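Participant: Sequence:
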Amino acid sequence: MKGKGGRKLVQSLFDANHPAWQLVEKLFDLMLLNGLTVLASLPLFTLGIAKLALQASLWDMNEEGKVKVWSTYWGHFGRQWKQGLVLSLVEIGLTTFCLLDLYLIWGQAGLVFDSFRASCIAILLFSQLLWVYIYPLASRFDLQLKDLFLKGILCLGNMLSLTAMVGLVFLLVATFLFYSDLTFLIGLVCLLFFAYAGLSFLFIREFGSRIKTVKKELE
Numbered sequence: 018m019k020g021k022g023g024r025k026l027v028q029s030l031f032d033a034n035h036p037a038w039q040l041v042e043k044l045f046d047l048m049l050l051n052g053l054t055v056l057a058s059l060p061l062f063t064l065g066i067a068k069l070a071l072q073a074s075l076w077d078m079n080e081e082g083k084v085k086v087w088s089t090y091w092g093h094f095g096r097q098w099k100q101g102l103v104l105s106l107v108e109i110g111l112t113t114f115c116l117l118d119l120y121l122i123w124g125q126a127g128l129v130f131d132s133f134r135a136s137c138i139a140i141l142l143f144s145q146l147l148w149v150y151i152y153p154l155a156s157r158f159d160l161q162l163k164d165l166f167l168k169g170i171l172c173l174g175n176m177l178s179l180t181a182m183v184g185l186v187f188l189l190v191a192t193f194l195f196y197s198d199l200t201f202l203i204g205l206v207c208l209l210f211f212a213y214a215g216l217s218f219l220f221i222r223e224f225g226s227r228i229k230t231v232k233k234e235l236e
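Heads up: the sequence shown begins at 18 in my numbering, then just goes up one per residue.
Just so you know, these hints were derived from the structure itself, not from any lab. What you are looking at is a predicted structure, and each value in this text was computed from that prediction instead of being measured. Glycine residues also receive a C-beta, built at the ideal position from the N, C-alpha and C atoms. Check the hints yourself; a few may be wrong.
Cβ-Cβ distance ranges computed for the label pairs, FRET-style [what the hints assert, rightly or not]:
1) V41 / S144: 19 to 25 angstroms
2) L111 / L59: 17 to 23 angstroms
3) E80 / K163: 25 to 31 angstroms
4) V129 / V41: 54 to 60 angstroms
5) L49 / F193: 21 to 27 angstroms
6) S132 / V186: 43 to 49 angstroms
7) G92 / D198: 37 to 43 angstroms
8) F187 / F130: 39 to 45 angstroms
9) D118 / S178: 30 to 36 angstroms
10) F158 / L59: 26 to 32 angstroms
11) L44 / S197: 26 to 32 angstroms
12) L202 / E80: 20 to 26 angstroms
13) G174 / I138: 18 to 24 angstroms
14) S132 / R96: 40 to 46 angstroms
Take the sequences, apply the hints, and build the full model.
Facilitator: The structure is reproduced here in structure tokens:
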């Protein structure tokens, strides 16, 4: 009996449907998606296309459980490159504008400079939270650019608890990255290899479960 029990245990461990192996497979798929996204983002102007393809692939993974990562990712990349390129230009342009202005006026004193500096920081932080919603929405719904941003703001406001969690994750990641040179290097390696896709997948799962509450407004 003990021998049979041991054989069954070994067989179950090597069963492809075992939860442990499914988890390993999921992690490997996320690492591959993360790597493809980094690779596709190397020309900076394709950043939006790469992120859009990642979000669309994560939606498929969340619904189907298992996807052919390579063909799924590049399929979405080819189908959504126009919208992704527009989002790239908007995101890069807005972020560059805020960071450049902050760099130019950071050492200046006075009420006008303080107000402008605070406005740039607020716009930068708000836009970073908004992009978290924009890309999943753009990969999920067929929306014009103006409607896409309006729906993104709607989700950001209606899902305050989720937005707060995203903000907390941003804060924790930033704190870890800038704690020391070593943590910066470790954090950067994690983001490049698996962390970005992993965090995005967790967001997609939570966002997908909540999106039903605002689905009528999105359609």
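Participant: Indicate, hint by hint, whether the structure satisfies it.
Facilitator: Okay, the hints, checked on the actual structure:
Between V41 and S144 the Cβ separation comes to about 36 angstroms, which falls outside the hinted range of 19 to 25 angstroms. The hint said 17 to 23 angstroms for the Cβ distance between L111 and L59, and at roughly 21 angstroms that hint holds. For the pair E80 and K163, the supplied restraint of 25 to 31 angstroms holds, since their beta-carbon distance comes to about 28 angstroms. V129 and V41 have their C-beta atoms about 56 angstroms apart, which keeps the hinted 54 to 60 angstroms range intact.
At about 24 angstroms, the beta-carbon gap between L49 and F193 stays in the expected band of 21 to 27 angstroms. Distance hint check for S132 and V186: the Cβ-Cβ separation is about 29 angstroms, which falls outside the suggested range of 43 to 49 angstroms. For the pair G92 and D198, the beta carbons lie near 40 angstroms from each other, so the given range of 37 to 43 angstroms is met. Between F187 and F130 the beta carbon distance is about 26 angstroms. The supplied range of 39 to 45 angstroms is therefore violated.
Range check, D118 to S178: Cβ separation about 32 angstroms, and the 30 to 36 angstroms hint holds. A C-beta distance of roughly 28 angstroms is found between F158 and L59, which places it inside the suggested range of 26 to 32 angstroms. Judged by the Cβ atoms, the range 26 to 32 angstroms given for L44 and S197 holds: they are separated by roughly 27 angstroms. Restraint check, L202 to E80: a C-beta distance of roughly 36 angstroms breaks the suggested window 20 to 26 angstroms.
The given range of 18 to 24 angstroms is respected by G174 and I138, whose C-beta atoms sit roughly 20 angstroms from each other. As the Cβ distance of S132 to R96 is approximately 43 angstroms, the hint placing it in 40 to 46 angstroms holds.
In summary, the structure is inconsistent with hints 1, 6, 8, 12 from the numbered list given earlier, while agreeing with the others.
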